Amino acid sequence: MRTYMWKKLEIALLLALAATLLWGAASLHRQETLSRKMIRLHVIANSDSDADQALKLQVRDAVLARATELLTQSADMTDAWSRLDTSLPDLERAASAACGGAYPVRAELAETEFPLKEYDGFALPAGRYPALRMIIGAGAGRNWWCVVYPPLCTTACTDMERVAIDAGLDGNDVKLIREEEGYILRFRAVELWQRLRQCLGK
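Here the sequence shown is numbered in the numbering used here, starting from 262 and rising by one per residue.
Since the hints were derived computationally from the structure, they do not count as laboratory data. One or more hints might be untrue.
[To be verified] Heads up, simulated SDA-like pairs for lysine to any residue below, C-alpha to C-alpha not over 20 Å straight-line:
1. 436 / 293
2. 378 / 422
3. 298 / 344
4. 378 / 406
5. 378 / 404
6. 378 / 322
7. 298 / 361
8. 298 / 407
9. 378 / 394
10. 436 / 394
11. 298 / 403
12. 436 / 426
13. 298 / 434
14. 378 / 433
15. 298 / 406
16. 298 / 391
17. 436 / 381
18. 298 / 388
19. 298 / 365
20. 298 / 433
21. 298 / 384
22. 436 / 379
23. 436 / 420
24. 298 / 362
25. 298 / 435
26. 298 / 353
27. 436 / 423
Since the model is a prediction, treat every value here as computed from it, not as a measurement.
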C-alpha cells in the first residue's frame, strides 16, 4: 500500500514537472518573440564606487535622451536598429560628455543576456535581447537595464500601451509585460526552461 502511494506521488510530481516545462517552453517562445520587437539599453559602470555608480546614471540619462531623439521617427525595429548603429559615435560622445570625460565610453549593439527585470508598470522575462550597450571605462561595475525601443522607460505608464503597439508589439505582448497574465510565474518558468536547455547543452 505504501509503495502504491509513493508511485502515485511520483507520477503526480512528474506530471506537474511536465506541465511546468510545457508552460515554460510556451513562455520561452513568447519571450523570444518579444525580444525580436525591442532593443534593450545596458549601461555598465566603470566600478561599484559611489562616484562611478553616479556617473553611470548620468550616462544613462544622456543616452536615453539622445536615443529618444534618434528613434522618435523609427518606422519599426529594423529601422531603429539601423539608426542606432549609424549613431554609435554620437552616442559615445554624449555618454563621454555626461561623465565629464572621466572615462572612455564604448557604445555597441549586441545580443545580450538579461535577467528577469521588473520596472515601474511592466516587467520583462530573462533571455537574450538585442541591446545598445554603453560600457564605461573598465566596465566592471553594476549594470543598469531598460528598454530604448520602444521607449518604455521614458514613457508614462498611462501611455505605455499606445507606445508599445505603435512600435510593433501586439495586445498579447502588452498583457504579458504589463503583469496581466501571472507574469512572475510565466517568467520563472522561462528561467527554468532556459536552465534545463543549458544543462542539456542545447
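For the pair supplied as a hint, residue 298 and residue 384, is the alpha-carbon distance within the 20 Å limit?
Within the cut-off at roughly 15 Å; holds.
Are the Cα atoms of residue 298 and residue 434 separated by 20 Å or less?
The hint holds at about 10 Å.
Between the alpha carbons of residue 378 and residue 404, is the straight-line distance 20 Å or under?
holds, 12 Å
Residue 298 and residue 391 were given as a pair; does the straight-line alpha-carbon distance stay at or below 20 Å?
Holds, because 9 Å separates the two Cα atoms, which is no more than 20 Å.
Regarding the pair residue 436 and residue 293, is the alpha-carbon distance no greater than 20 Å?
holds, 16 Å
Is it true that the CA of residue 298 sits at most 20 Å from the CA of residue 353?
violated, 24 Å
Measure nothing beyond the straight line between the CA atoms of residue 436 and residue 379; if it is 20 Å or shorter, mark the hint as holding.
Given that 20 Å is the threshold and the Cα spacing comes to 14 Å, the pair holds.
Hint check: residue 436 vs residue 381, CA-CA at most 20 Å. Holds or violated?
Satisfied, since the Cα-Cα distance of roughly 15 Å is no more than 20 Å.
Quick one, are residue 378 and residue 422 close enough, alpha carbons at most 20 Å?
Answer holds: residue 378 to residue 422 is near 18 Å, not above 20 Å.
Does residue 406 sit within 20 Å of residue 298, going by the straight-line distance between their CA atoms?
Distance of about 16 Å is within 20 Å: holds.
Would you check the hint for residue 436 and residue 423, treating anything up to 20 Å between C-alpha atoms as holding?
OK: residue 436 and residue 423 at ~12 Å, within 20 Å.
Given hint residue 365 paired with residue 298 - CA-CA distance at most 20 Å
The hint is violated at about 30 Å.
Checked against the numbered hints given earlier, the structure breaks hints 7, 10, 11, 19, 24 and 26 and satisfies all the rest.
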